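Chemist: One line per chain: the protein sequences are A and B, in this order.
Using the working numbering, the first residue of the first sequence is number 1, and each one after it goes up by one.
Using the working numbering, the first residue of the second sequence is number 1, and each one after it goes up by one.
Don't read these hints as lab results, they were simulated from the structure.
None of the values given here were measured: they were computed from a predicted structure.
Heads up, some of the hints might be wrong.
Residues of chain A clear of chain B, computed beta-carbon distances all greater than 10 angstroms [said to hold, decoys possible]:
#1 L4
#2 R170
#3 S283
#4 V343
Computed beta-carbon distance windows for the label pairs [said to hold, decoys possible]:
#5 B:D219 - A:R15: 34 to 42 angstroms
#6 A:V315 - B:R235: 29 to 37 angstroms
#7 A:N354 - B:G55: 47 to 55 angstroms
#8 A:T264 - B:A221: 35 to 43 angstroms
#9 A:R376 - B:G55: 17 to 25 angstroms
#10 B:D219 - A:G361: 49 to 57 angstroms
#11 B:E58 - A:R376: 23 to 31 angstroms
#12 A:R15 - B:H186: 17 to 25 angstroms
#13 B:T205 - A:G361: 22 to 30 angstroms
#14 A:L268 - B:D219: 24 to 32 angstroms
#15 B:A251 - A:I2: 45 to 53 angstroms
#16 B:Q256 - A:G361: 52 to 60 angstroms
#17 A:I2 - B:S176: 48 to 56 angstroms
#18 A:I2 - B:R235: 35 to 43 angstroms
We put the beta carbon where it would ideally sit given N, CA and C, even for glycine.
Residue-level listing of the chains:
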Amino acid sequence: MILLALRNLWRRPLRHVLALIGIAVSVATLACLGAFGQGYRDALQSELNGMGMQMMLVPLGCPYDAAARVLRGKTLEFSLPQSALLTARRDPAVSLAAPMLMAVVPQVHEGRTDVWVGIDQSTRQMKPWWKVETGAPWFTGKNEVILGAEAAELEMRRPGDLFYSPETHRTLRVAGILQRSGTADDSLFFVPLTTAQAMFHQTDRITAIAVQLHDPQQTGAASTRLQTIAGAQVVTLSEMMGTFLNLVGAVKTLLFSLAIVALTIGALGVFNTLLSIVVERRSELAMMRALGASGPQIFALLTLESAILTLGGGVCGLIMSAFVGRALASVARQWVPLSPNEVLFKLTPNVAANCFLIGLGVGVLAGVVPAWQASRLPPALALNAD
Amino acid sequence: MACVVFDAKRCDAGAGRTRLKLVGENFPAVSNDIKMETLSFAVEADGLTRIYKRGGEEVRALDGVSFRVRDGEFVSIVGASGSGKTTLLNLLGCMDAADRGTLRLAGHEVGAINERARTRLRRDHIGFVFQHFGLMPTLTVHENVALPGLFGRRIWPSRHQKSLDARADELLERVSLAHRRNHRPHELSGGEMQRVAIARSLLNTPRLLLADEPTGDLDSATGESIIELLQELNRDGLTILVVTHNTALAAIAEHQISLRDGRLIQDSTDQML
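This is chain A alone, in the form it adopts within the complex (with noise of 0.2 angstroms):
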């Protein structure tokens, strides 16, 4: 049976493989979507996990843009007064808070923006997993500079170069160079907080803190202290990461709706092509009839026509979606609001086989109605035929 229903598809290879890649254009979509959902969950979660803390003091105004903005490396149009992380410090559930003062400069004729971060100490023991490259491990005196992998990239420098910089006219020392971390750090300027306030006029003021306490179960109550803070406004970590999954959500849905769309046109693609065979071939399924086959053969025959057409379709959409998701989840790094370093795009065994199956079930219930009209031809056509 199965070799008969290969060998009837073969016969008309032009519009099997149209109908074919019908359906492995909407599992591949649906598989890229599925891989990205994944992809991107698990990165965002790797991501967060890996800063050390559990919240994240901003300045007021949108706190989820604030933090993403923080954690991408930009700037931020304002600014919280340094008293901030003093009290934040003071309170008891606090490990660690650790200030950041960011600051963008242009480079115009180069086509990129170097952003400068302050720091203090804290940072670095927020940060236990930095490793250094080359020269020392943290800042020696106040006019040093540490730089990400790709900014020592990017400027040619190793430690002990000076460092110029005319916008803000200043002489720097590299330190030292961070190895590579697949983070926002890597293409950092690392300088002291001092520093970095009198560079950018800044004096007593930060853009963030970050807040790493000594019991995680204990982050509601802290949040809820720290919120008094003049000026301040408190995003958790998980408040960040549902806000950055609905963001991605609301992407995913729209995508989601096109999956629908191309698994509709897939379907109708089946649908169509098993139509055509069924009134194509009328006068020699009615033949079979009159061999001998019972309608639910003839029913199971087309039907299995179909699955194998999807089965194909969709070993190819997966194949597919190897190839292509992960170029998709590039451009789709632009779109997301905070977009992990990590691989975008997860093809799990789990969402491969959820799409495969989704693929299949679509493809094999379009064939029915087709299938169903094959199994009710009266085998008496045969003789009509003639």
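Place chain B on chain A using the hints.
Modeler: Using the frame of chain A, we list chain B on its own:
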């Protein structure tokens, strides 16, 4: 007594008329009535009527057709176009149901069984030969012959497949086409295609072979070879009913049924019996 008739047929391997004589000769004391009851019939049609509706008008494609076909007979059904030949063949092949009348095929009352049982009856007891051969273009000659076996019941598919392959090979030998086993239908001549169709119709060892214009698409020489093959099968005991315009084919049939406007106008065995 039926057993004796059957044996006589096997031994004689000739026409039904000869066999009837044999029966009479062997059992001179038996009355005609008793002889009729003990004969085995492949087909018993009584008052078969089939009415189609065309645009609100009733068309009687068959109108009260009655006849009987004994096991091992060679029957030709003749008539002009529109006389009801194909309608009759549809009914005999369990592919359509009569509006009135009764039909017994191989001892089964066709009107009393459901669609599923009719399909089984068709598969297990009836073989079909079509004018345009009806071969599957995508399958090889061997696969075409084995095709009806696909629709049979099977408990162990692999074992079934082996016996199916052997049976298909045996039938290809029988129709002298073993050397064409792996060819596709389009690589065969018309006569060869019809031989393949005949081999296919024999796969399930049918009791009745229905042929619709089996020589209609063939030249006269090829047609003759097909007629010879059908005669050979009939000599081996197969009951054959053939719808034909071919006078040579109609002439070799021991039993002729003529139809006109859906009515039976002549049944050669009426005189004979």
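Chemist: Next step is simple, just say for each hint if it's right about the structure.
Modeler: Hint-by-hint comparison with the structure:
no.: 1; hint: L4; in the structure: violated, 7 angstroms
no.: 2; hint: R170; in the structure: holds, 80 angstroms
no.: 3; hint: S283; in the structure: violated, 8 angstroms
no.: 4; hint: V343; in the structure: holds, 45 angstroms
no.: 5; hint: B:D219 - A:R15: 34 to 42 angstroms; in the structure: holds, 36 angstroms
no.: 6; hint: A:V315 - B:R235: 29 to 37 angstroms; in the structure: violated, 55 angstroms
no.: 7; hint: A:N354 - B:G55: 47 to 55 angstroms; in the structure: holds, 54 angstroms
no.: 8; hint: A:T264 - B:A221: 35 to 43 angstroms; in the structure: violated, 57 angstroms
no.: 9; hint: A:R376 - B:G55: 17 to 25 angstroms; in the structure: holds, 23 angstroms
no.: 10; hint: B:D219 - A:G361: 49 to 57 angstroms; in the structure: holds, 53 angstroms
no.: 11; hint: B:E58 - A:R376: 23 to 31 angstroms; in the structure: holds, 24 angstroms
no.: 12; hint: A:R15 - B:H186: 17 to 25 angstroms; in the structure: holds, 20 angstroms
no.: 13; hint: B:T205 - A:G361: 22 to 30 angstroms; in the structure: violated, 42 angstroms
no.: 14; hint: A:L268 - B:D219: 24 to 32 angstroms; in the structure: violated, 47 angstroms
no.: 15; hint: B:A251 - A:I2: 45 to 53 angstroms; in the structure: holds, 46 angstroms
no.: 16; hint: B:Q256 - A:G361: 52 to 60 angstroms; in the structure: holds, 57 angstroms
no.: 17; hint: A:I2 - B:S176: 48 to 56 angstroms; in the structure: violated, 31 angstroms
no.: 18; hint: A:I2 - B:R235: 35 to 43 angstroms; in the structure: holds, 39 angstroms
When the structure is compared with the earlier hints, violations turn up for hints 1, 3, 6, 8, 13, 14, 17 and for no others.
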